[in-house]
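S.K.: Those sequence lines, one after another, are chains A and B.
In terms of the working numbering, the first sequence opens at residue 109 and continues consecutively.
In terms of the working numbering, the second sequence opens at residue 109 and continues consecutively.
Do not rely on the hints blindly, as some may be mistaken.
The list treats identical chains as interchangeable, and a pair is accepted whether it falls inside one copy or across any two copies.
[Unchecked claim] The calculated DMTMM-like cross-link candidates involving lysine to aspartate or glutamate, where the alpha carbons are at most 20 angstroms apart (straight line), are: (1) K221 - E358; (2) K221 - E178; (3) K287 - D243; (4) K221 - D173; (5) K130 - E358; (6) K279 - D165; (7) K248 - E232; (8) K221 - E192; (9) K328 - D173; (10) K130 - E348; (11) K248 - E261; (12) K328 - E192; (13) K287 - D165; (14) K221 - D380; (15) K247 - D205; (16) K328 - D165; (17) K328 - E348; (18) K287 - D380; (19) K328 - E244; (20) K248 - E318; (21) K248 - E266; (22) K248 - D132.
None of these hints come from the bench; they were simulated from the model.
Take a look at the letters that make up each chain.
Number of protein chains: 2
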Amino acid sequence: MTRLAYLGPPGTFTEEAALRYKPDAQFLPFPSEAAVASAVESGMADEGVLAIENSLDGSVTRTLDVLIHESALAIRAELILPIEHCLIVPPGTTAEDVRVISSHPQALNQCRKFIERCFPNATEAAALSNSAAVDEMLKKQGGAAIGPARAAELHGAEILARGIQDNPHNKTRFVALGKTDGQPTGRDKTSIALSVAHDRPGTLVGVLHEFSDRAINLTKIESRPSREELGTYIFLLDLEGHRSEPAVAEALAAVREGALFFRMLGSYPRYDDARDP
Amino acid sequence: MTRLAYLGPPGTFTEEAALRYKPDAQFLPFPSEAAVASAVESGMADEGVLAIENSLDGSVTRTLDVLIHESALAIRAELILPIEHCLIVPPGTTAEDVRVISSHPQALNQCRKFIERCFPNATEAAALSNSAAVDEMLKKQGGAAIGPARAAELHGAEILARGIQDNPHNKTRFVALGKTDGQPTGRDKTSIALSVAHDRPGTLVGVLHEFSDRAINLTKIESRPSREELGTYIFLLDLEGHRSEPAVAEALAAVREGALFFRMLGSYPRYDDARDP
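Assemble the whole structure, with the sequences as input and the hints as a guide.
M.R.: Here it is in structure tokens:
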């Protein structure tokens, strides 16, 4: 049985991703992204699940830092989950009872229009996680929380409203980390991180040419300020293909040669949205 | 006197940026990024100050959404501020009195090591903003808050520790928005947003060539998932030079022609770190 570490507590979207990834695993919640990585590196867990990017809020920088700087783990799978926020209340509560709505500030922001329209007089309260919000809400008269359906289930609370996020395209991409990356399946992606001399025009163009000249499509390109020095950037690239395919291997070798810093984050099967119900 | 809108409440880092940008302005706090933009568009304010990117946490996506999709405002100035978090307490409190540390979850994350080392037994509490944290903390026995020095000043609280963020390179870039962008100064930057057909290798390379062929340096490149359709991306590029310079104007015209979507975000003077004390 796979021992699967994830960023806890139970009842978060990351737990939902872990359950979807390997339903029969033994699930081990850890309190931080770095702790999940340490659990896998030390052998306490076989794999670890972390959120890496949200369609509205962008990259999860703590996950990127773990991947780029703080561990030698590889990405071996990806999952994309729609983020459906629910309004969660103690059993028997009706809409007119709701006085305080609590959640992580990011979740409150993602449900701004729903709150303004339906609960213009409710007070907002911040919580450290969506799951903690549900826990606290159950203790308060007139309390409600915003979080995933799974949190309501775990805490014995009721769902008053579903799909209350402002933007229907709210999705999060999760990755499973392990000591090795994925085997080729014929429909793979590869993620790399690199930095190039930034003060000369065209250095990044040279990198991208290695891929476009070989008809390799990039599915993501992002620049992040390096933690070491102001004005230097780390580029994160996702490309189509497995690192064992000849064209990809050639391009990666060329890019690695011209880079100041290069880290292979792993090859893994492309997540197929169509698998979702 | 310039009427300067900013993302409030008073006592946040954004207020600090607004004070630094135009110390003699009339300051108008607004509750959201969209509200700051509306204030400027409607003539209630002359300019608006918003955070656009943090060196640790990446882009401020709500500011980007306002710029790309929800307003016709232009960037007319940029400011880069070091983010120095302080541990703020009620007057007379000593370290051994501290039981609860509250702040916005992002600020708590940025000071993780300090909290673990110095206050291993303190409880963490979430707040909607750093400034709100200071306000709440003053009412609690054993309470402390993490936030900017300015928040302590405004609330009549004391600073127990300064510079408690884990990473010394924690900086935030702010932009001033207005109905027109900046005049050429000879040392300018230009920001654009665009999308290209993403399913063909090389479309982005073509865009970057327009700049590298003219020796125009890019200082930032970022891809964000488009809000409209999964799998399409919007690229945000910052480049050196003013849009009125011939080479820049030529490159921009060529890029605009090949783009599915193009938005000029403005030209403005490059912020000079050396101006800071």
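S.K.: Now look at each hint and say whether the structure bears it out.
M.R.: We went through each hint and held it up to the structure:
no.	hint	in the structure
1	K221 - E358	neither (49 angstroms within a copy, 41 angstroms between copies)
2	K221 - E178	between (38 angstroms within a copy, 15 angstroms between copies)
3	K287 - D243	neither (35 angstroms within a copy, 46 angstroms between copies)
4	K221 - D173	between (32 angstroms within a copy, 15 angstroms between copies)
5	K130 - E358	neither (34 angstroms within a copy, 53 angstroms between copies)
6	K279 - D165	both (10 angstroms within a copy, 19 angstroms between copies)
7	K248 - E232	both (13 angstroms within a copy, 19 angstroms between copies)
8	K221 - E192	within (15 angstroms within a copy, 32 angstroms between copies)
9	K328 - D173	both (17 angstroms within a copy, 19 angstroms between copies)
10	K130 - E348	neither (24 angstroms within a copy, 48 angstroms between copies)
11	K248 - E261	within (18 angstroms within a copy, 33 angstroms between copies)
12	K328 - E192	neither (24 angstroms within a copy, 32 angstroms between copies)
13	K287 - D165	neither (28 angstroms within a copy, 26 angstroms between copies)
14	K221 - D380	neither (31 angstroms within a copy, 39 angstroms between copies)
15	K247 - D205	within (14 angstroms within a copy, 27 angstroms between copies)
16	K328 - D165	both (15 angstroms within a copy, 18 angstroms between copies)
17	K328 - E348	within (10 angstroms within a copy, 23 angstroms between copies)
18	K287 - D380	neither (23 angstroms within a copy, 44 angstroms between copies)
19	K328 - E244	neither (38 angstroms within a copy, 42 angstroms between copies)
20	K248 - E318	neither (58 angstroms within a copy, 59 angstroms between copies)
21	K248 - E266	within (14 angstroms within a copy, 32 angstroms between copies)
22	K248 - D132	neither (35 angstroms within a copy, 45 angstroms between copies)
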